[in-house]
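**Q** These are the residues of each chain, in order.
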Amino acid sequence: RKEVEQDPGPFNVPEGATVAFNCTYSNSASQSFFWYRQDCRKEPKLLMSVYSSGNEDGRFTAQLNRASQYISLLIRDSKLSDSATYLCVVRPNTNAGKSTFGDGTTLTVKP
Amino acid sequence: DGGITQSPKYLFRKEGQNVTLSCEQNLNHDAMYWYRQDPGQGLRLIYYSQIVNDFQKGDIAEGYSVSREKKESFPLTVTSAQKNPTAFYLCASSIADRANEQFFGPGTRLTVL
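Protein sequences, first through last, are from chains A and B.
The first sequence begins at 1 in my numbering and counts up by one.
The second sequence begins at 1001 in my numbering and counts up by one.
Read the hints as simulated data drawn from the structure, not as lab findings.
Do not rely on the hints blindly, as some may be mistaken.
[Said to hold, decoys possible] No more than 27 Å apart at the CA atoms, straight line, and that leaves these computed lysine-lysine pairs for DSS-like: (1) A/Lys42 to B/Lys1014; (2) A/Lys45 to B/Lys1009; (3) B/Lys1071 to B/Lys1014; (4) B/Lys1071 to B/Lys1057; (5) B/Lys1070 to A/Lys98; (6) B/Lys1057 to A/Lys2; (7) A/Lys45 to B/Lys1070; (8) A/Lys98 to B/Lys1071; (9) A/Lys79 to A/Lys45.
Nothing here was measured: the structure is a model prediction, and the numbers come from that model.
Input sequences plus hints: build the corresponding full structure.
**A** Structure below.
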C-alpha cells in the first residue's frame, strides 16, 4: 500500500460543478498536509495548506480527518482554469524534511 | 525577483553519460530537495538537504549524487548507474521547518537516447 493515496480520477466535470477529491495517508504521525496544483508539464504550486480545523480559500475548501487519516479538497463553481492535476502532500512530525506526494488526481472542467 | 531556477529546461544525453542538473535559489532557504516525476505519477524524492554540507538519501537515490557546498545551490548528477534516467526532474526549497511549503523550480526534462 502506498503511503499517500489519491482518488485515481480523471474527473471530468462541467463548468459550475462542485467536485471533491480525497487523499488517504498511512502514517498516523503525519503532521502537515498540503494540496498542490500542477499544470501540464509545469512545476507543482501550493494551492493550500490543510489545517486541523479545516480551511477555505474562495471556492476551495480543505478538510483534515485525523481519525480516518484522510484529507479532502472541495472545489465549488468549477472554472475552466481549474483543469489541472491536484497533488496531495503529507509531511512527517519530525524535522526530517521528507514530504510524500500522492500520484495526483486529474481534473478537467469542460464548457 | 526571488525564486528557484533550474537549468537547462530540456536536456538530451547519450546512454552511459553522467549529466549534472543545476538548481539555484535566492530565497535564503535552508532546505533543498530533488524529485523525479514520471508520466502519470507523483513526485518521488531523490535527495534532500536541510543544511549546507549535509544531505540525505530519499526514496530513490540509487544512481544519483548531489552536493551542497553553498546554501543557494544543490546540483544533481544523474550517473550512468541510473537505469531509467529519462524523466522530469524537479528541484524545490523550503524554510527548514516541517510545516512550511516547498517552492519548486520549473523543472528539467532529461531524455537519455
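**Q** Indicate, hint by hint, whether the structure satisfies it.
**A** These are the hints, each one checked on the structure:
no.	hint	result
1	A/Lys42 to B/Lys1014	25 Å, holds
2	A/Lys45 to B/Lys1009	18 Å, holds
3	B/Lys1071 to B/Lys1014	31 Å, violated
4	B/Lys1071 to B/Lys1057	18 Å, holds
5	B/Lys1070 to A/Lys98	21 Å, holds
6	B/Lys1057 to A/Lys2	19 Å, holds
7	A/Lys45 to B/Lys1070	25 Å, holds
8	A/Lys98 to B/Lys1071	18 Å, holds
9	A/Lys79 to A/Lys45	18 Å, holds
Against the hints set out earlier in the document, a violation occurs for number 3 only.
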